Amino acid sequence: MTEAFLSTVVDTLLPADDVLPSGSAAGVSQALAEYLRVHRDRESLGRVLAAIAARGGGEAAFVAADEAARVATMQAIEGEAGAAFEQLIVLVLADYCEAERVLHALGWRADPPQPRGFELASFDEALLAKAKRRARLWR
Amino acid sequence: MVRNDPVDVVVVGAGMAGAAFSKRLSERAPRLRILCLERGDWVRPDGMPATRRDWQRAGLGAWALSPNERLAHGEPGLSADYPIDDTSSAIKPLMWNGVGGSTINWGAHFPRLHPSDFRTRTLDGVGDDWPFSYFDLEPYHDANDAEMGVSGLAGDPAYPPKPARSMPPLPLGRLGETVARGFDALGWHWWPVDAAINSMPYDGRRACNHCGPCLIGCVRQAKASVDATYWPKALRNGVELRPRSVTTEIVVQTGRATGVRYDDDAGVEHEQPAGWIVVAGNGIGTARLLLASGVGGEAVGRNLMFHPVAGAMGVFAEELDGPAGPAAVSIYSHEFYETDPSRGFVRGVQLQVAREPSLLTQALSAPLRWGRDAQQLRRRLFRHSAFVGVLVEDLPERDNRIVLVDHVETDRLPGVRVEYRLSEDSQRRIQFGVERASEALREAGAELVIPLPHLPEAGWHLLGTARMGTDPRTSVTDARGRCHDVPNVIVADGSLFPTGGAVNPGSTIGALALKVADDLAREVVG
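Chain order of the listed sequences is A and B. Under my numbering, think of the first position of the first sequence as -6, with each following residue one higher. Under my numbering, think of the first position of the second sequence as 4, with each following residue one higher.
For the record, the hints were derived by calculation from the structure and aren't laboratory data. In this text, all values refer to a predicted model and were calculated from it rather than measured experimentally. Accuracy of the hints is not assured; some may be wrong.
Cβ pair distances, simulated, as ranges [said to hold, decoys possible]: (1) 79/A / 322/B: 28 to 38 Å; (2) 65/A / 379/B: 50 to 60 Å; (3) 379/B / 59/A: 18 to 28 Å; (4) 76/B / 100/A: 46 to 56 Å; (5) 163/B / 23/A: 55 to 65 Å.
Derived pair list, reagent style DSSO-like, types lysine-lysine, alpha-carbon separation capped at 30 Å [claimed, not checked]: (6) 123/A / 236/B; (7) 165/B / 236/B; (8) 125/A / 165/B.
From the three backbone atoms N, C-alpha and C, an ideal C-beta is built for every residue, glycine too.
Using the sequences and the hints, build the whole thing.
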């Protein structure tokens, strides 16, 4: 599969907007290519990508198509391929949501939750003023 | 087969119940030789994924909540899982199989049942009364709270008075404070949860630093899991714990158990003689072993109760916390916990505010997952969403059950299937709860509210499959957890619950295990 085809598939799934980078800009298409090269589950993923290419009239035609046509192609394959398409979605979303560019674009940090953790304001008991006035609720 | 030296008590399962039971009995009856067999292994905190950049996807593989998903992941797992046929179940069971049990990957929300939960037949004409009351169990709750360490605040009007909590409440976060405003505006009850998570250092464990993903283990051990709370003390008391040991059978001769058979991690079969056999394998594992051993009578495996989970997600213009703060614990409302016949059903629901999940979890569970609209939704949700969960009471039904299937799994036990349907009453409670959760979010200022009716992948709570009672046709054990047909086989876990209330059961499972241990100690040592 060509690099252009994989990038186009990924960017159809994860297009750029005024805040978020596209999937390929976030490194997802490279990660997908690597997955297809080494992973033991690559065959079913390869089949769904091949089905997208076939439905789109070939890899080059899919790349050249406008977004609406590509989306229609992907929707058709989503309906037909079931679990294999689901595998594709999970894979690209995992790579995308862990990408530093994506997390930073959303105002979040890219390093893992530990060891830094997060600061949160301590509990303020004054917030309970109204709740404390409630009569007994239990039976 | 290797025949081991006899012990006084063999405990099967090293999770919440097995740990609490073992530690307590080792104190109350220090001369007893107590052995715990656990099919899984210890999990090292420094091997947990929250320190890795790929931590989000850990929940799709080795740290998935579902044992079936972990098995499908295909690599040797940290959790010693067996497949569960859940195709006939409206709710998919979740569990962790290892030292610590499901406290390894739980949310550590630690509420108690209400007093009314022990008397549903008397008060509301449904379910069955427990053979003892809330107040009988209360001292065991207090002891269990002290062992686990509870952050919270006494004075909640939803409960009888409780002692001061071990630590102050965890931060509510902007998310919790926002939803609390909604509850206040509606005049509804809310309170900071009791959480088995340290808000300050406690009992040698560090304070929570609000990292977020409690469900992939706690590297700081700020979250109480029994591998870090009960077990070190039980081991110091002389309890022996053998991990990687799969119990395959309770051996019974002429109405009395003589011990168990188990396989060690080298595949060697052992016969372990014991005076008492204590089963603490959760609502599925316990039923599976009892059924495979022909112990417990006709009610074993029946009356399975989950807590059906639903909820609503609110999207706010203002920025909330994002995926920070302990995942499952902030505030809850018990405004609708007790029966109000005007609602058209008896018993009730808990509303529980959970923190925002990771970006990946949110992306995978969103109504749109790919394409331009999905990207827009992603931006709108992340750091701006709040989830009000709905946990509803699920009353016992004989045909909701665990059954064995006709093939043997690789662990040499029969395979197991869950047969479970949502009752019409549970569905009514869910619908009511989702409407209330949506109402609270709207009142709190949400711009958009997305109802989430019935989340099937939320079967954390596995209850009732070896229930206490007096009639051997409808129950498995007596009030002390002893099987009616083989009285030296004792059940000590959530399987014992005659009813389940509408709260997370971990606190009650621990308290109940302490009580069962005391009941045995009284008989053994007087």
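To see whether the hints hold, each was checked on the structure:
1. 79/A / 322/B: 28 to 38 Å: holds, 32 Å
2. 65/A / 379/B: 50 to 60 Å: violated, 19 Å
3. 379/B / 59/A: 18 to 28 Å: holds, 19 Å
4. 76/B / 100/A: 46 to 56 Å: violated, 31 Å
5. 163/B / 23/A: 55 to 65 Å: At roughly 60 Å between Cβ atoms, residue 23/A and residue 163/B fall inside 55 to 65 Å, so the hint holds.
6. 123/A / 236/B: violated, 41 Å
7. 165/B / 236/B: Cα-Cα ~25 Å, so holds.
8. 125/A / 165/B: holds, 15 Å
In the structure shown, a violation is registered for the earlier hints numbered 2, 4 and 6, in ascending order.
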